[in-house]
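Student: Sequence:
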Amino acid sequence: MRVFLCCFILLSIAFSATSVAVDLQQREITFREHPQALYDTLLNNTRYPLVINNIDDFKQAAKQINTSEEALKQDLISLARLTLEANVTHPEKYQQAQTLITQLQSIAVTNVDNAMIIMLNARYNARKNQQYKQAIIDFNTALKRISAETLTQAVLLKFILHEQLSSLNQMVYRPIPALSNLNRYREIAYQIRNDYFISLSESALGKYYGKNNDRAKSLQHYSEAFRIANRLKYSGLKAHAQLNLARTYRDLEQWKDALHHGHNALENFQKLGYLPYVAQALTAIAITYKGQNQWNKAIDYYLNAEQVNQQLGNEIALGINFHNLGEAYSQIGDVQAAIISLQKANDVFRAKQLNHYLVYNELLFAKVTLNERMWSVAVQHAEKALQLANEQSLHQQKIEALEYLAQAFKHLGDLENALSVYEQMKNFEEQNQSFDNNNDTSANLTVQKMKFELGLIKNQLDVETSLNNKNQIRLVVLSITTVLFFLAFIMVLKQQRKQQRRLHKVETRHLLDPTTGINGYFGLLEELKDESKQLTQRTLALVSINDSSNDDINLGATESNKRGAFIIDKLNHLLPMSSFVIRPGVIACYFDTCHHPDQILAATEQALASVTEHVAIPRFHEPLTQSNISIGHINLPLLNNPDILISPQLQFETVQFALAAANSIALPNSYVSLKTLNFAPAAIFSAPLYLNLKQALSRGIIRAESNQNLEKICWPMAKVSN
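Numbered by mature numbering (1 follows the signal peptide of the UniProt record, and there is no 0), the letters in the sequence shown go through residues -21 to -1, 1 to 701 in order.
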């Protein structure tokens, strides 16, 4: 298999070397699917090692191997990146990386070249020396260098940089920058319009949301990635999607599906020879068994993952695996094995200065030793965990470390230190009240538990000194506190009810159009949010009476409002619908059943005709007799898949798109109706919406109907900046 891949890649690269440009997108896909084969092929194709100290040496090397300078530069860049990949094995690959980076630096000319050098140096330091935070700074510097570049090579480099930045930010627990990088990563994938890259970006977002416990979004992105990967026939991409689905189903406690996808991913990674991902798949299966409390099976898979990581020399992965083994051994009562594994994990994390992993290992170490009544050892590890949590501002981990310390001191009989720890807990809570609202329930319960135990310890100390006096004071304080608390509770309850009444009034007014007092845009969005109707067939139409768009100015607010209300009353009388004023001359019509646009157009014409018959209000007979009516029309739901929900804002913007198309016809009484076909993907209803809808129409995913010639429509399309 390896020989076949090498031959195939060698032929494809030899063919492309005769041209000036290299197919960068296909090269990037090959880089990810067959890294070792591409690495071996490029070594042979470039006759590496080359002697390149300046541009003249570089030009001479290109002539010697009979290729273009641009093609050789791309080959050297790919080689440098491959030497820094875990999937690529070579005894001297880091030395090769240093040499290649130096050679590329000597021929760098453009902003893209210099940004690539910055990225390679940062990745080298991150892989070799674990300088993750500095790598984040360097990657951002590289992004700034090419922020204004629009060439294919620059766009792909931005794609790679955002991918690496998201991984590093998650590794050092910076979720907000990581999400920003992932969103940009996904935007570039859709900008490139390459399904392989889109699947990668969807998968990365799924992984992010999974780590942050947003399992619904995680499954949504992973499912989309798997759907795309299935049709692309790239084994590596499909295997990654299966591994991600296994993790998501595991988090959802759907064990059967998790094991199914996990074993499929493991089998595919083994066939491809992706040993780092073989280890990850083994770990994912082990954690699935852990979730079912099948600890012995979990240990078997952890041990298999350990063997693979030892073969690769992946020390960080080994450290994490030792941590997992320590937890598993402690659960089956093998304390000695648990302590040995946790100590091995500590050694790895300290050697690599991975404090963001070390804090969790020290916490687990403290917990295990506490359970085994090793109080002094527990104090040592809890104190180390507390120090690390303080250094990294990890509030939840600090609370956990303080809890372990307090328990250990208490069992050692060191009440003075125990009391000191509880006081620290109390002070920490008071100083960080702004964080309390964001802590999860378990953290709050822990704080309450600490308060309770603090009271018990104080009671014990007080009994030893002056029990009678303390009891009297406690009774007085308790009585006063109870009375004050009761009074405060009543006041807060009254204030809360008052605020609720005010809020209800504000929410009601918020749904109305501020000028006419009739249901407006926000009222329409509220109607579209009704979950009980999401699966029923409905209709949304946007009616534009073009001659009435300036009625509020031409007629004045009072007369304009009366005329608008009269038209809406007529429409409500003629059709079973809910009306909403969007702006002067534009009315949204929402039906609980399907209605054809011809019916809506006829009713609108009839309503306008009746305006001239109303003589009670002055000037009602003026310009509406020859009004030009345009209607945008859609049937809801836009997609037949009940698992995919499109936001009310996007539904409204879709019917706006149809109305804009109807307006562009420039003929009286025109409508445009949009219908989504059954196989339409959910991605078309995402930003930039107008661009996606225009492309969907051209590809036949969305069908348009009109009472006019469709060729006269000038479809609106948003401009997208790079």
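Quick caveat, the hints were computed from the structure, so don't treat them as lab data.
Be careful, since some hints might not be right.
As the list claims (entries may be wrong) - No farther apart than 27 Å at their CA atoms in a straight line, the calculated lysine-lysine pairs in the DSSO-like style are these:
| id | residue 1 | residue 2 |
| --- | --- | --- |
| 1 | K331 | K112 |
| 2 | K190 | K107 |
| 3 | K235 | K269 |
| 4 | K389 | K405 |
| 5 | K235 | K276 |
| 6 | K363 | K405 |
| 7 | K276 | K212 |
| 8 | K654 | K673 |
Unchecked claim - Listed next, with one range per pair, are the computed distances between beta-carbon atoms:
| id | residue 1 | residue 2 | range |
| --- | --- | --- | --- |
| 9 | D548 | D236 | 50 to 58 Å |
| 10 | P255 | E232 | 47 to 55 Å |
| 11 | L689 | I532 | 30 to 38 Å |
| 12 | P255 | A330 | 56 to 64 Å |
| 13 | P255 | Q475 | 50 to 58 Å |
| 14 | D548 | S511 | 34 to 42 Å |
Every residue, glycine too, gets a C-beta built ideally from N, C-alpha and C.
Student: K190 and K107: Cα distance at most 27 Å?
Tutor: 26 Å, holds
Student: Between P255 and A330, does the C-beta distance stay in 56 to 64 Å?
Tutor: With a Cβ separation near 20 Å, P255 and A330 fall outside 56 to 64 Å, so the hint is violated.
Student: Could you say whether the range 34 to 42 Å given as a hint is met by the Cβ separation of D548 and S511?
Tutor: 27 Å, violated
Student: Assess, step by step, whether the Cα of K276 is no farther than 27 Å from the Cα of K212, and give holds or violated.
Tutor: With a Cα-Cα distance of about 32 Å, the restraint between K276 and K212 is violated, given a limit of 27 Å.
Student: Between P255 and E232, is the Cβ distance one that fits in 47 to 55 Å?
Tutor: About 27 Å separates the Cβ atoms of P255 and E232, which means 47 to 55 Å is violated.
Student: For L689 and I532, compare the CB-CB distance with the range 30 to 38 Å and indicate the outcome.
Tutor: 34 Å Cβ-Cβ, so the 30 to 38 Å window holds.
Student: Below or equal to 27 Å on CA atoms is what counts here, so check K363 against K405.
Tutor: Roughly 20 Å between the alpha carbons, so the hint for K363 and K405 holds.
Student: Does K389 pair with K405 here, judged by a C-alpha cut-off of 27 Å?
Tutor: Roughly 17 Å separates the two Cα atoms, so the pair holds.
Student: Straight-line Cα separation of K235 and K269 no greater than 27 Å?
Tutor: Answer holds: K235 to K269 is near 14 Å, not above 27 Å.
Student: Just to be careful, I want the Cα atoms of K654 and K673 compared with a cutoff of 27 Å; is the pair within it?
Tutor: Since the Cα atoms of K654 and K673 sit roughly 13 Å apart, the hinted pair holds (cutoff 27 Å).
Student: Is K331 close enough to K112, meaning Cα to Cα at most 27 Å?
Tutor: Measuring from Cα to Cα gives roughly 14 Å; hence the hint holds.
Student: Please work out if K235 and K276 have their alpha carbons no farther apart than 27 Å.
Tutor: 15 Å, holds
Going down the numbered hints, you'll see the structure goes against 7, 10, 12 and 14, while the others check out.
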